Structure formats: C-alpha cells, structure tokens
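Participant: Join the two chains into one complex using the hints; note that each chain is given alone, in its own frame.
In order, the protein sequence lines correspond to chains S and C.
FYI, the numbering used here numbers position 338 of the first sequence as 338, with every residue one higher than the one before it.
FYI, the numbering used here numbers position 122 of the second sequence as 122, with every residue one higher than the one before it.
If you are wondering where the hints come from, they were derived from the structure by calculation, not from laboratory data.
Honestly, I wouldn't trust all of these hints.
[Claimed, not checked] Counterexamples of contact, computed for chain C against chain S with all Cβ distances above 12 Å:
#, residue
1, M1
2, I3
3, G16
[Stated by the list, open to error] Looking from chain C toward chain S, a few residues come up when the C-beta cut is under 8 Å (computed):
#, residue
4, G24
5, V28
6, L30
7, V32
8, L35
9, G36
10, A46
11, L76
12, T77
13, A84
14, V92
15, T109
16, A116
17, L119
These numbers were taken from a predicted model, which means no experiment stands behind them.
C-beta: ideal position from N, C-alpha, C; glycine also.
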Amino acid sequence: MNALIVSPLLIPLATLVATLLVRRDPRAVAAISLAGALALTAAGLVLVGLAAQGQILASQAGGWAAPYGITLVVDRLSAAMVAITGIVGSATIVFAMARDEDPARCRDFHPLVHGLLVGVCGAFITGDVFNLYVWFEVLLVGSFALLVLGGGRRRLSGTVVYVVLNLVATMMFLLAAGMLYGASGSLNMALLAQAFAAGEVPATAHAAVVLMLTAFSIKAALFPVFGWLPASYHVAWTPVSALFAGLLTKVGVYALIRIVTLFWPDAGIAHEVLLWVACATMLIGVLGAAAQVEVRRILSFHIVSQVGYMILGLAIATPLALAGAVFYLIHHIVVKANLFFIGGIAARLTGSERLAAMGGLYARAPWLALLFAIPALSLAGIPPLSGFWAKFVLVKASLDASAWIAAGVALLTGIFTLLSMSKIWNEAFLKPHPAGTAGMRSTAGLRPALWAVTALAAMTVAIGLAAGPVMDYAVAAAEQLAAPAAYIDAVVRAGGH
Amino acid sequence: MEILVSLTVGALVAIGIWMMLDRGLLRVVLGVVVLGNGVNLAVFSAGRLDGRAAAFVTEAGAPALAANPLPQALVLTAIVIGFALFVFALAVLKRSWELHGKVETDLVTAVAEEPAPDLPPQGDKA
Chain S
1 MNALIVSPLL
11 IPLATLVATL
21 LVRRDPRAVA
31 AISLAGALAL
41 TAAGLVLVGL
51 AAQGQILASQ
61 AGGWAAPYGI
71 TLVVDRLSAA
81 MVAITGIVGS
91 ATIVFAMARD
101 EDPARCRDFH
111 PLVHGLLVGV
121 CGAFITGDVF
131 NLYVWFEVLL
141 VGSFALLVLG
151 GGRRRLSGTV
161 VYVVLNLVAT
171 MMFLLAAGML
181 YGASGSLNMA
191 LLAQAFAAGE
201 VPATAHAAVV
211 LMLTAFSIKA
221 ALFPVFGWLP
231 ASYHVAWTPV
241 SALFAGLLTK
251 VGVYALIRIV
261 TLFWPDAGIA
271 HEVLLWVACA
281 TMLIGVLGAA
291 AQVEVRRILS
301 FHIVSQVGYM
311 ILGLAIATPL
321 ALAGAVFYLI
331 HHIVVKANLF
341 FIGGIAARLT
351 GSERLAAMGG
361 LYARAPWLAL
371 LFAIPALSLA
381 GIPPLSGFWA
391 KFVLVKASLD
401 ASAWIAAGVA
411 LLTGIFTLLS
421 MSKIWNEAFL
431 KPHPAGTAGM
441 RSTAGLRPAL
451 WAVTALAAMT
461 VAIGLAAGPV
471 MDYAVAAAEQ
481 LAAPAAYIDA
491 VVRAGGH
Chain C
1 MEILVSLTVG
11 ALVAIGIWMM
21 LDRGLLRVVL
31 GVVVLGNGVN
41 LAVFSAGRLD
51 GRAAAFVTEA
61 GAPALAANPL
71 PQALVLTAIV
81 IGFALFVFAL
91 AVLKRSWELH
101 GKVETDLVTA
111 VAEEPAPDLP
121 PQGDKA
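This is chain C alone, in the form it adopts within the complex (with noise of 0.2 Å):
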C-alpha cells in the first residue's frame, strides 16, 4: 500500500511540475493543482497508512488498524485553503483571457514588463 501511495505522489508531482511547463497558462494553473494534490497525498501518506503511529491507544493497545490522523486533519486544512487559492488564480486568468483574448506565459511575462503608463494629463483623474 506505501510503495502504491508513494508512486502516485510520485506520478502527480512528476505530472503536475510537466503541466506547469507549458505555454497555456490554464494548464499551469491545473499543473499547480495536480501538483497541490501530490503534496496532499505526502502528507497524509506522513501519518503512516496503518497503525504503527495511532494517536490514541486504548487499555487494549494500539488500533492495528488506525492511522495517525493528524496527517489527515493538516490535509484537509491545506484542501481548503488550496481550493480558494486554486479560485483566485481561475478568476485572475478569466478576467486576463477578457483582456487578451489568449493567456499565454510569454504573453504574461511581457505585458508585466511594459514600462509604466504615464499618468493622463492632469484634470482628468485616471
């Protein structure tokens, strides 16, 4: 079950860091996300998959078959917070796409390093 859990953080963070290699901003974005859940599954592979780490033992001994489950409680404090940031940069890349018509890294990079707009003649406020 380890080795499982391990190949698969494995094969999402190898995904995820491909996808954040691309041109398509939105496949960056989805890159971070595939990424995000790589890291979720290592932490909560952390808390190990049996029970050799269980928080509480009883008058009988550990559960065998309980995991730690603060791993898991850190996971689903770092989904949360991951889904609102994964919203944000939905929303900024929309409302870019309205801008541009294309979001693309080149795209971005350059439009970031224009050189400053001038302030509009003075009377009018910007």
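So here's chain S without its partners, still in its complex pose (with noise of 0.2 Å):
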C-alpha cells in the first residue's frame, strides 16, 4: 500500500535519474523518458481505481504517527490528478519526439520534464503543508529550466519575468507555512483541518491561510495577479508551454482547493472575496485574449479565464459546485495542452505563429483543422464534448446557489471564448496563407505530433460521450471535498507503528 502511495515519486524521480544515466544516447533517453511517463500514469490510474471504491489512501514517512512523519494522501481528487498528470506528460513527451530538433536540447527536455513532474505529483499527494512547499519549490527548478530551454532574447527575458514572480509567491508561500506552524504548532493539514474546524487556533493562523491562500492565486493566475502567466508561456518551446498550460496553474487551483475545503468548510467571507475574484478572472481573462494576435498568446490569456470557472466551482463550495471545479480540472488539463500543441504544429506548417501571417491550414491540413475544432469547441463549452459538461453543471451550481452575476458571467464568458477561438480558425485554418501555397512547409515528421494531439482530443471526446461515469467520479471526489471528515480520519489513522 505504502509503496502505491509513493510510485507518483517514485516513477518520476527513478526515471529522471535513468535519463540521465544514458545522456549521451537520444533515443534510449526518449525511450525511458515514455516508458517512466506511461508508468505514472498507470499508477496514476490504479489510484483512481482505488479512490473510486472511496478509501483514503494515507501514508506516514518512516512510520511516524501524525504530525511528526510527513503525510501523503491520496483521496480521489488527488489520485485524478496524478492520472491526469501521467497522460499529460507522457503526450509532452511523444510530442517532443516529433520533430527532429537539436538533439542537445532533447537530451535536456527530458530529464527536466520528469524533474517538473515529480514536484507537480508531490504537491497533489502531500498532507503536509511545509511539504507542499517544497514540492512547489521543485516543480519551480524544473519550469524554469524548461521555459529557458533553447534560449535566445524572447526566452530569457520571458524566464527573468516568471523566474522573479514565482519566486516571490513562493516566498509568501514558505512565510505563510511558517506563521500558520508559530500559530498552531502545527504543519500536517489534517491536524490544522482539525484545529480549524475546533476553533483551537488563534487569529494569526487566519491571517497566515489568507497569505497562504494569496501565493496560491498567483500560481493559480488569478485576477489581479496573473500578469507573469500571459508574458511568459508563449515564449516557451511548444510542448514545454503545452505541458506548463496544462498542469502548473491547476497546481495552484489545487492547492486552493485543498486549503479552503480543509481549513475553511463552511462558506464565509473568503467565499465571496473567491466568488468576485472568479468572476474577475474569468471576464479579464478572456477580454485581455480577444486583444492577442498570436495564438499561443490567445491561448495563454483563456488559461487565466479558465481557471476562473475552477474558482468559481470553490467559491459557491456547494458539493455540485466543488464537482464542476473537479470536471473542470480534469476536462481543461488535457484541452490546453493539446491546444498548445496544435498551436505549435500551426505554427510549423504555416511558418508563424502570428495570425496576420498564418492561414491556409483548412486547405493543406484538413484532418488539423478537426483535431483543433474539438478542444477549442471543449473549452467553448459547446455539447456534447467535455466542456460544456464542466460549464453546464458550474451554472447550475451558480444558479442553485442563488449568484446570478457569477452564472451570467460564465456565460458570458464562454461566448467571448467561442469568438475568440473563432478567430484562430478564421485567421489560421480558412484565410489563404499570405504567401500563397508556397508559403506552407511539409509535415514530415510529425508524425508522433500528430499521435499526441489525436489521443488528447479522442480523451476529449470520450470524456465528452462518457460524462455520466466522470461525472460520478467528480460528485464522489467533491463529497470527499466538502466533508473533510473522512480525509482527517484516514491521516489519523495511517499513524506509526
């Protein structure tokens, strides 16, 4: 049991240091960076079977009782992360055997992916809060190394804003986890859970989950502290910005939903400040896109828009609402990411990645024209493909809950996506290309691109026609959610020898 609690470490961490082991060999690199990414998500799948029959996975390191061991957990949320994590990343890592780039920085990309996932599965198992830290702080050396990879002017200065940002949440991060511990005398979540819930701690621990609760916005990219996210991710390799769109913000939006569920239950002034704050993000964020001529950076700004919608579902904290932040998460992990990596294949075909300078991919590239329109309907929310699911049951959750404007919002908010994913397939997929049939390069070898690309929209797709199962998978997680009972129980429990 314990070793299955640990194998979302354990995979990625043993498989980063194989990669390194046979550097000087690309194609063993490439092999062992896919077979260790299928394993994770093969863990990552038997987890859910597991938390699906609604056991709380808990594990102390080193047998120690709570709170002196560190805590992992795996309850269903987090056990769909992982999975989730797992896909992602192995269809990062067949992208990136597409093209037949630079072998040094291939060589690079892999051992850092691997780096980037043990930090994002750390921080979806843990139970700790210093932990959490820690795995943020991890995840952090992988994206940084990843977002700079290749260099050149863009990339640089793009890393200098995200590398001077993040730090900075981080920091208010690790001051945060030290205030809440001098105020508590604890770090372990389900202990703090418990002392929340008695009203056992002091006012400064309030005061310390607040700034806690801050650090995770900017990572999550909420308004008003989103700026890093939209001047960074387009400057990025293809599946390097595909890989961080898809998983490094919903590491905030997780740990956002993990601290409020735990630490703060029942609905109250932090609920509504989260309710506006959504609200915000979601409108900001796809007004600030419908500005951008370029696709990445279209993309990048509806990253911010769609976490609002995750936000929105923490707000109104509902066990519907908290399903359709779940749905949601799972159903926009794999839509961005491939949105990115249909981005860059765009891009590679049509020369650019500005709009004014892409067009005629409808003509050269009919089969990309369907593989885009399915997650860019997704993320519009159109049925029956698997945003419109996650959208439909946050309204409902809004509308139940009596907060038109949040509905109205999303809403509103959907249509603006529609328009703007509309422009890309205007301007990229029907326009001519500006430089005539010449213009457009070959597809040789994208092959492996393509396969990447196929699987994610297909998961789109079956998530969209088998929304009932996931669906009952995100009301049980959500239920797990809203009743931190039983979350505090199974760390209770899983104590030492």
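Facilitator: Structure (structure tokens):
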C-alpha cells in the first residue's frame, strides 16, 4: 500500500535518474522517458481505481504518526490529478519526439520534464503544508530550466519575468507556512483542519491562511495577479508551453481547493471574495485574449479565464459546485495542453504563430482543422464535448446558489471564448496563406506529434460522451472535499508503529 | 530579543521590496534574496526564541533555553532551495546581459512582448 502511494514520486524520480545515466544516447533517453511517463499514468490509474471505491489512502513517512512524519494522502481528487498528470506528461514526451530538433535540447528536455512531474505529483499527494512548499519548489526549478530551454532573447526575457514573480509567490507561501506553524504548532493539513474546525487556532493562523491563499492565487494566475502568465508562456518551446499550460496553474488551483475545503469548509467571507475574484478572472482573461494576435498568447489568456471557472466552483462550495470544479480541472488540463500542441503544429506548418502570417491550414491539413475544432469547441463549452458538461454543472450550481451574476459571467465568458476560438479558426485555418501555397511547410517528422494530439482529442470526446461516469467520480470526489472528516480520519489512522 | 528579530524581519522585507521595485534587474534579483532572508528569519522565529515550545521534554521538564528545532530545520531547507534558485536567476541574468548589454525591467518586458519570430524559409533548420 505504501509503495503505491509513493509511486507517483518514485516513478518520475527514477526516470529522471535513468535518463541522466544514458544521456549520450538520445533514443534511449526518449524511450526511458516515455516508459516512465506511461508508468506514472498507470500508477495514477491504479490509484484512481482504488480511490473510486471510496477509500482514502494515507501514509506516514518513516512510520512516524502525524504530526511527526510527513503525510502523503491520496483521495479521489489527488488520484485523478496524478493520473491526468501522467497522461499529459506522456503526450508531451510523445510530442517532443516529433521534430528532428536540436539533440542537445531533447537530451535536456526529458530529465527536466520528469523533475517537473515529481514536483507536480508531490504537490498533489502531500498532506503537509511545508512539504507542499518543497514540492512547489521542485516543480519551479524544473519549470525554470524548461522555460529557458533553447535560449534566445525572447525566451530569456520571458524567463526573467516568470522567475522573479514565481519566487515572490513561493516566498509568500513559505512565510505563510512559518506563520501557520508559529500560530498553531502543526503543519499537518489534517491536524490543522481538525484544529480549525474546533476553533482552537488563534487569529494569526487565519491570517496565515489568507497569505497562503494569496500565494496560491499567484500560482493559479487569478485576477489581479495573473500578469506573469501571459508574459511568459508564449516564449517557451511548444511541448514545454503545452505542459505548463496543462499542469502548472492547476497545481495552484488544486492547492487552493485543498486548503480552502480543509481549513474553511463552511462558506464565509473567503468564499465571497473568491467568487468575485473568479468572475473577474473569467472576464478579464477572456477580454485579454481578444486583444492578442498570436496563437499562444491568445491561448495563454484563456488559461487565466478558464482558471476562473474552477475557482467559481470552489467559491460556491456546494458539493455540486465542487464537483464542477473537479470535472473542469480534469477536462481543462487535457484540452488546454492539446490546444497548445495544435498551435505549435499550426505554427510549424504555416511558418509563423502570428495570426496575420498564418493561413491556408484548412485546405492544406483538414485533419488538423478537425483536431483543432474538438478542443476549441470543448473549451468554449459546446455540447457534447467535455467542456459543455463542466460549464453546465458550474452554471447550474451557481443558479442553485442564487449566484446570478456569476452564472451570467460564466455564460458570457463562454461566448467570448467561442469568438476567440473562431478568430484563430478564421485566421489560421480558413484564410488563404498570405504567401500562397508556397508558404506552407511539409508535414515531415510530425507523425508522433499528431499521435499525441489525436490521443488527447479522443480523450476530450470520450470525456464528453462518457460524461456520466466521469461526473459520478467528480461528484464523489467533491463529497470527499465537502466532508473533510474522512480525510482527517484517514491521516490520523495512518499513524506509525 | 523577539522585538529585535521582528524589527529585523520587517526591515529586511521592506528593503527587499524596495530593491525589487528598481529598474535594474540585478537589484531586483538581490532584492528577492534580501526578501527571502527576511522570510527565512520570520519562519525561524516561528519556533520561538526561548523554551516555550521546546520539541523535547526531559524528565526534568522542558529545557529553558531550547527553542523548537522544527522551524530551524524548515529554514535550512528553504535556505538551500533559495540559494539554488538565486544561482539560476543570476545565470539567466548573466546570459541576458551578454545578449543585450544591459538588463533592465523595461527592456525585458519589451523583448518578451515582441512579436513571435517567423520560422526561417523551408530548407534550412533553425
């Protein structure tokens, strides 16, 4: 049981070491890297299978009972996040095999991706506030190096912005963790949740939680602290920016969901603030996208806007709304990573990612147009794709909770998203290429990239068509989130020898 | 002692933030370091500076001069991580300086906002 809980950490870590050992052989590096990511997916799916039965797996490092040992907990939400991390990681690695790129870049790419995955998975399964900080740092180190991979003026400049603002957010988190410990004497999330529920913590601890949520808001790119995201994501190498787009802000969203549901399970002032922040994030993000003229910059602003939906679910905090947030997380990670992949392929085929210099893709590559249409329509929330169910549940939960404005903003944002996607469609796909057919590139070497994109698009369709089982899982996950007693109980029972 | 530590934390954080508002990116990065040290000291002091929250209690009772060692262990971790990130930030700055001849916040923003470069004409690989 213990081995299974730590497997989301051990698998990427072992893969990282293995890829470094064979780094002279690029084929071996890529093969090991892919095997590692697939193993992580398998481990995640096994965890989902166990979590689906309703058990919460908990483990104490070294057999020390809480609060002395570091706690790892896997509930339904964590298991789903680990599985989806493995899936997006695998797709990214397959995509990166596509181009006959600079071998040095590919060689460095694989170990760094697994370094990032360790941090992401660690953040998803830890049950300890300081440990969460450490995993954030692990994924930050990996993301810094990945972002700057390949070098160049734009990339370096984007990295500077990303590094400085993320360091500030991380420091806020560290300060909050220290304050929380000073005020409550514990860093274990379950024990803290117990103390919060019993009203045994001083006001300082609540202040520390506010500071912590602010730090997570920066990580999750919420309004008004999202500026770093559209300033940096568009400069990275395509597979890197797709991986970031899929996973990184969602770690912040996950942390927000986890901390708020554990420490402040009852709706209060924090939920009220989050509700308005969510509305502003949805609207400002999508309006920001309208002003952009490059594919990846448009998509970056859409990340911000979409994160708003998840926070909307958290803010309303009914089990249905939380289920919507969980469903949205799962759906969004797949769709967003896929759109960045397709944007990269489109740029490769047309020679540019500026919309003005793109075109002719519908005639040249109709299959790509279809592959773009699936995640793009899903992002906008067109039935029967996955995004429709996600938005449907969130809007229904908002209406049930009489949050009329939030429901209106969510629907309006969906319309703007559709407009934005049709802008990319018109410019990159329908319009003839400005340089005529001579401007189009060959599709040579793109096959693995297309496999990755097709697999993710198939997942989007599958989640949409089989929305029932996925939604059942999300509802069950939300029930666990809404009633943290089981989580606390699992951690306390996981005690050592 | 606690007042002195609190004031030091406040001063370090204030200096750090002030430096981060500078145009020169080297000062921004150094500001992050100063801010980080302020935060580390704050976490350190969360374990109290006297024996009020000692981790181990002997038969004779809690040692009067022992502080809680856990935040010290946390800070140790944070210092190591912070140092690694600082070195990475310096490396990025050095490379930017080699490319631009200067590193200022306005320049960095402007370069990152430049339109995406188009791929070179077919045939030659970038």
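Participant: Checking against the hints above, which ones are violated?
Facilitator: 3, 4, 6 and 11
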